[in-house]
Amino acid sequence: DQQVKQNSPSLSVQEGRISILNCDYTNSMFDYFLWYKKYPAEGPTFLISISSIKDKNEDGRFTVFLNKSAKHLSLHIVPSQPGDSAVYFCAASLYGGATNKLIFGTGTLLAVQP
Amino acid sequence: NAGVTQTPKFRVLKTGQSMTLLCAQDMNHEYMYWYRQDPGMGLRLIHYSVGEGTTAKGEVPDGYNVSRLKKQNFLLGLESAAPSQTSVYFCASSNSSPFGQFFGPGTRLTVL
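Chain order of the listed sequences is E and B. In this text, residue positions in the first sequence follow this note's numbering: the first is 1, and each later residue adds one. In this text, residue positions in the second sequence follow this note's numbering: the first is 1, and each later residue adds one.
Calculated from the structure, these hints are not laboratory results. Backbone N, C-alpha and C fix where the C-beta goes; we use that ideal spot for every residue, glycine too. Keep in mind that the hints are not guaranteed to be accurate.
[As the list claims (entries may be wrong)] Label-pair restraints from in silico Cβ distances:
id	chain 1	residue 1	chain 2	residue 2	range
1	E	P82	B	T7	29 to 35 angstroms
2	B	K14	E	S69	19 to 25 angstroms
3	E	T26	B	P39	36 to 42 angstroms
4	B	T20	E	Q113	41 to 47 angstroms
[Said to hold, decoys possible] Dumping the calculated DSS-like pairs for lysine-lysine here, alpha-carbon to alpha-carbon at most 25 angstroms:
id	chain 1	residue 1	chain 2	residue 2
5	E	K37	E	K56
6	E	K68	E	K5
7	B	K9	E	K37
8	B	K71	B	K14
9	B	K70	B	K57
10	E	K5	B	K9
[As the list claims (entries may be wrong)] Which stretches of chain E does chain B cover? Using the computed rule of at least three CB atoms under 8 angstroms from a CB of chain B, they are:
id	region
11	62-68
12	77-86
13	105-112
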């Protein structure tokens, strides 16, 4: 049973427009959610996170929204740039645990068209 | 700082051969992890370690063994490689914080 789901395998957006990547989860005990970005032939890199006690976190062009009642989070990128083209992974953490383990979604490939 | 490094970057094995993947981190992190990434499957945790001398099973541990003899190193072993273990392997490390894990560049392994 997949606890973190990214139902859109790919997304194509025009440069300058907004990119919205979505993620759903099933475990209400998750207390942190993270987004990672991955370029081909590289490891994932941390992008932005949000605590379960917040509903929004913003960092420059990137904003993550959390809707706990719907068990849904989204990553907004505004404005989108060609360099944002990558695979984006959503991940969830039980930070209060002793392992700092993450559970990842399957990823969404974002293509930003010039 | 080099961050997280992985050796080798690429490897081709024949079925039944063994090999060890090495992960090293220079950030003094307590926790280290091994993942595999397969198309459409995301990143799946193989084994992890919460400190020197400790290891634990993740989501997909079968066919793999690990060791953490030194805090900065985490080794992933395949005793008898199978074609199903063809994948990209990522190592990561972290401290106990909500700011996520730091990943290495990956090892692309093909088992023929």
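> Which numbered hints does this structure break?
Replying inline: 2, 3, 8, 10, 11 and 12
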